[in-house]
Amino acid sequence: MTGAVTGSTGRGMTELPRQAGVASAVPARRGSRKIAGRRRHRDNLIAYLMLAPVVILLIIFVIIPLISAGYLSFFNWSFYRASEYVGFRNFVNVLQSPDFLASIGRGLLFATMVVPTVMILAFLFANIARGLGGRIAGFVKTSIYIPTIISGVIVAIVFTIIYDYSGGVLNWFLGLFGIQPIAWLADPSIALPALAVPEVWMMFGLTALIMLAGVLDIPDSYYEAAALDGAGWFKQMTYITIPSLKNVILYLLIANFTASLQEINLPLLMTQGGPLNATLLPNLYLFNHFTQDTYQGQPIAGALLLFIVLGAISASIFAVLNSEKAVDG
Amino acid sequence: MAMKERSSVRVPRVIVGVFFGLAALFPLAWMALSGFKLNSDVLATPFSFFPPSWHVENYVQILVDPDFSRAMMITFAGAAIFTIFSIAINSMAAYVFARLDFSFKRTLWVIVIGTMFIPNMAILLTSFIVVTKLHMLDTMLVLILPPLASAAQVFFIRQFYLNIPIALEEAALLDGAGRWRIFTRIFLPLSQPAFVVVGVTSFMAYWNSYVWPIMTITSPNLYVVGQYLANFRVSRGPELGLLMAGSMLAALPVIILVLIFQRKIIGNIKIAGLK
Numbered sequence: 001m002t003g004a005v006t007g008s009t010g011r012g013m014t015e016l017p018r019q020a021g022v023a024s025a026v027p028a029r030r031g032s033r034k035i036a037g038r039r040r041h042r043d044n045l046i047a048y049l050m051l052a053p054v055v056i057l058l059i060i061f062v063i064i065p066l067i068s069a070g071y072l073s074f075f076n077w078s079f080y081r082a083s084e085y086v087g088f089r090n091f092v093n094v095l096q097s098p099d100f101l102a103s104i105g106r107g108l109l110f111a112t113m114v115v116p117t118v119m120i121l122a123f124l125f126a127n128i129a130r131g132l133g134g135r136i137a138g139f140v141k142t143s144i145y146i147p148t149i150i151s152g153v154i155v156a157i158v159f160t161i162i163y164d165y166s167g168g169v170l171n172w173f174l175g176l177f178g179i180q181p182i183a184w185l186a187d188p189s190i191a192l193p194a195l196a197v198p199e200v201w202m203m204f205g206l207t208a209l210i211m212l213a214g215v216l217d218i219p220d221s222y223y224e225a226a227a228l229d230g231a232g233w234f235k236q237m238t239y240i241t242i243p244s245l246k247n248v249i250l251y252l253l254i255a256n257f258t259a260s261l262q263e264i265n266l267p268l269l270m271t272q273g274g275p276l277n278a279t280l281l282p283n284l285y286l287f288n289h290f291t292q293d294t295y296q297g298q299p300i301a302g303a304l305l306l307f308i309v310l311g312a313i314s315a316s317i318f319a320v321l322n323s324e325k326a327v328d329g
Numbered sequence: 001m002a003m004k005e006r007s008s009v010r011v012p013r014v015i016v017g018v019f020f021g022l023a024a025l026f027p028l029a030w031m032a033l034s035g036f037k038l039n040s041d042v043l044a045t046p047f048s049f050f051p052p053s054w055h056v057e058n059y060v061q062i063l064v065d066p067d068f069s070r071a072m073m074i075t076f077a078g079a080a081i082f083t084i085f086s087i088a089i090n091s092m093a094a095y096v097f098a099r100l101d102f103s104f105k106r107t108l109w110v111i112v113i114g115t116m117f118i119p120n121m122a123i124l125l126t127s128f129i130v131v132t133k134l135h136m137l138d139t140m141l142v143l144i145l146p147p148l149a150s151a152a153q154v155f156f157i158r159q160f161y162l163n164i165p166i167a168l169e170e171a172a173l174l175d176g177a178g179r180w181r182i183f184t185r186i187f188l189p190l191s192q193p194a195f196v197v198v199g200v201t202s203f204m205a206y207w208n209s210y211v212w213p214i215m216t217i218t219s220p221n222l223y224v225v226g227q228y229l230a231n232f233r234v235s236r237g238p239e240l241g242l243l244m245a246g247s248m249l250a251a252l253p254v255i256i257l258v259l260i261f262q263r264k265i266i267g268n269i270k271i272a273g274l275k
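The listed protein sequences derive, respectively, from chains A and B.
Those letters in the first sequence? Residues 1 to 329, per our numbering, in order.
Those letters in the second sequence? Residues 1 to 275, per our numbering, in order.
Bound-form chain B, shown alone (with noise of 0.2 Å):
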């Protein structure tokens, strides 16, 4: 800041800015809280943030649970196939809409863009159609393969290799190099920041997704672990310490992505383009 403020207005910032920062943390710290407590201490009067008696055995207990455990592992793999893939594919996709020139480059941005304008609601029905007729229902490539490919991550990462300096691929093409060659030697190691990006993003939306695996998915021993908790929910509903345990271990992996890359997540929310 250019201005130095007085103590009489900062002051006020900074208790207002972590009253903020409190009230969005307040329901998650009080579920992690509650993880510790009784069943009975959950729900009762009067409120207790903490617990009146701290009780580990409900963490011990979900995560000895074979089918909670399952859940988290397997959406765990998922998500990181998932992650993998769709950083390679829309990487490539992205490169060759900043780089390369070919026919029908025009239409084919056109078709992928406008992919990102079709609310999920509208194809929803005809989604679980097709993946029917391709025999891939109660499988783990009926989570994977069809969110894979990303207008939205395609678009995301084309803008920042359209911000990598040509002169940087220059000499390697007068030295003959290939496009695929230069792909991986020069723009992969250069990606970071943007893989960053969209890899939270792409493990986010596979580690939360609900609608479609409800729709897809009936093996209980390929639920994805929001489809446990909400199942959880409902068949051992009077666990409340348990299902408390459980929602926080089940949240924590995205929470340590975030805290992990807080710097390049947070940082890149920019505006530039919106004046």
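Next comes chain A alone, as it looks inside the complex (with noise of 0.2 Å):
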């Protein structure tokens, strides 16, 4: 809803933090400081009146949402009852709820279907688009685009429709070949990988707009010395482009990671988290309890322990990177 969004699936968020300007900034800071001088602090009332719109929205709705979430967790709270204090008890019981520890892994499940195959496809398209200029290269851009700026709603009704058993396009296609037509949003053991594909869809632009934006970062005079040494494609991929990729490519896997286990517009719209519970990714658990149970502290819990979990999953991808970051010297 808030900055979350544009920060944590990706769709929309155009551009990485700059540490060139923030470096930047700081001799800046102490130069106006120095002319101040003994005025310090003289913008006191401005600068709290500049800001108050954007401080009061965010702590009435982030940071009281998450402080009375961190409350309610220990209470057995609902609508329309009287609360009751439970102590641990709501992460005890999430945590041994067989439904919400299957929904996780499924969330792991479909983000290692998802994520692997976007980033495969980006760095194959990023290196392949590299050589392109002009009219043709505005093209692509714009068109893988597209994708990642249209409604998950739209996404899943067309999805669905090429889906469909009988007259869908996929199984038309597959019939050339002899193949039969296949149940995929309808077969338990197809329907989340049959999820994927729309997600791959809409995360790959993004993606591979950014790794294509790393590529053409890479001077040419690398490959150019590389084939001189007689190195090949391979060659240079693993020893040239991987490496100078390696934080653009942890910064694409972290967010896509998160954003793809957060999914929820298409298990809601095309398979309603079914057949047999299938599709039924996290946040469209906790999304089903917070609309459907009576006490609601056990999703909250929930919600607030996969929402640590994702923090610890990044923070340890990032510590992974540092080691070998030391290991290279």
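Hint data in this document are derived by calculation from the structure and do not stem from the laboratory.
These numbers come from a predicted model, not from an experiment.
In this text, a Cβ means the ideal position worked out from N, Cα and C, and glycines have one as well.
Do not take every clue at face value.
Residues from chain B that face chain A, not an exhaustive set, calculated with beta carbons under 7 Å [what the hints assert, rightly or not]: (1) Arg179; (2) Asn208; (3) Thr218; (4) Leu222; (5) Gly226.
Reference listing, derived: stretches of chain A covered by chain B, where coverage requires no fewer than 3 residues with Cβ under 8 Å from a Cβ of chain B [what the hints assert, rightly or not]: (6) 66 to 75; (7) 178 to 192; (8) 196 to 207; (9) 265 to 274.
Could you use the hints to bring the two separately framed chains together as a complex?
In structure tokens, the structure reads:
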């Protein structure tokens, strides 16, 4: 709803933090402090006035909900009845709930299908599109960007029809090769991969464009020197491209991983979590319990736990990267 | 490119690149064309990409459907208001964090940026409780107000402001111009490239919202367009040509925005700071 949408899903977040900008700001701030001298903090009034709208709205609609989620997770809380303090029982219960744990496992499986596919396709695309220029590059970049901005509702509608059993284009296409129609969204063993396809389709564009920006940043001279030394395509990829892109790849891995783990529109609209809960991803599980349960302490506790787990995963991936850097020297 | 490529390398590059582009566009192109088909032709076998016969009726019929056009207009109005106000308040905060010196600056910065890392789902239910207590349910305000302040946008605009040379405002400061005057006279006119990016992002976020609206909006005359389409699919499922036409029209505003601003948005995808 808030920044979390743009920040965590990556959709629409079109620029990454720039350290260069931060670094250049430091001397500037020092400079102004020197000029201001004894008039330090003279900007308090105007600063607080101009900050007020953002800070007040964030407090009301993000910080208060977060604090009350933390608080309510210790209560047997309900919209309709008096609540009762239950200590850690909600956390214990949700962690022992097979449905919740299964939904997280399913989310991880979904992310495992989506993220490597997106990354490999984007990597290939970036290395191919590197050499494109002019109009063709413009057309290709704009075309792959468009799926990233389309509403999840529309994506769900279109892909449901593509997957239609008797008249969908996918089964028709497979039929050309003599393959029998497949019930993509009704077969519990196929439904989750079937949802992974539109997820990949939506996620590919921005990932590929960020990867392309990274590839274009690698000086041509590296490749020329490697080619002179007789390095082939594969060696150039493993010794030049991938190491140069390490941090870009890591950022995209984390952003796409957390985004696909939090996907809700596709299962909500295409399968309602079915068949047999095969597509009940964690956020849909929580959403269903938020909207259907009488006592909501337990799903609130589950949502908070998931949030902590996501943070821990991101942090540990960064830790791995840093230690690797240390080995490299 | 410094290196001039041989055509034996270049031609496959072009073919594969264009293939990626077409694969990305295929589902949308098929949706747009299916809007011209009869309901029975959308799922007809054998598959046809182009309509066997062209029918503009679907597009006309969905446009004159008062529920659809109302949903389109009210979503557009909401998205426009949302975009303008989010740019206004987030750019003010960005300017303050980029240039002003005040007490508790660090603390406030950490709090604001910290909100960027809170997943929606962690606060979805308690946000619902908050808007219920504020009596905002089933009003436009519940769609506009809660997501208005955005740490990601404050961060993005601040980065942009940090790159504006300080010399530009020094003369104005020496002349005794106030901070507000410097913001409106010097920073705002220079902000257009950043505002294009955050503006399109805001518009898109509002236009594409679905989960929050279905929790908070119950009056059909306030439905956002995604909500309308999802309901249409359930209640009028067999009218596929109409559904495709409606989906296409609902996708159009964001596509047009991206086409208008493509250079500024796609050109802005940079990776500095990730090396």
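Checked hints:
1. Satisfaction of the interface hint for B/Arg179 is found here, the shortest Cβ-Cβ separation to chain A being roughly 5 Å, below the 7 Å cut-off.
2. Because the beta carbon of B/Asn208 sits about 4 Å from the nearest beta carbon in chain A, less than 7 Å, this interface hint is met.
3. At a threshold of 7 Å, the smallest CB-CB gap from B/Thr218 to chain A is about 13 Å, leaving the interface hint violated.
4. The interface hint given for B/Leu222 is violated, since its Cβ lies 16 Å from the closest Cβ of chain A, which is over the 7 Å cut-off.
5. About 4 Å separates the beta-carbon of B/Gly226 from the nearest beta-carbon of chain A, less than 7 Å, and the hint is met.
6. Coverage of the region 66 to 75 of chain A by chain B holds [criterion: at least 3 residues with CB-CB distance below 8 Å; count 4].
7. Note: the region 178 to 192 of chain A has 0 residues with beta-carbon separation from chain B under 8 Å; the three-residue rule is not met and the coverage is violated.
8. Only when three residues or more bring their CB closer than 8 Å to a CB of chain B does the claim for the region 196 to 207 of chain A stand; here the count is 4, and the claim holds.
9. Requiring three or more residues with a Cβ within less than 8 Å of a Cβ of chain B, the coverage given for the region 265 to 274 of chain A holds, as 3 such residues are present.
Consistency with the previously given hints fails for numbers 3, 4, 7, ordered from lowest to highest.
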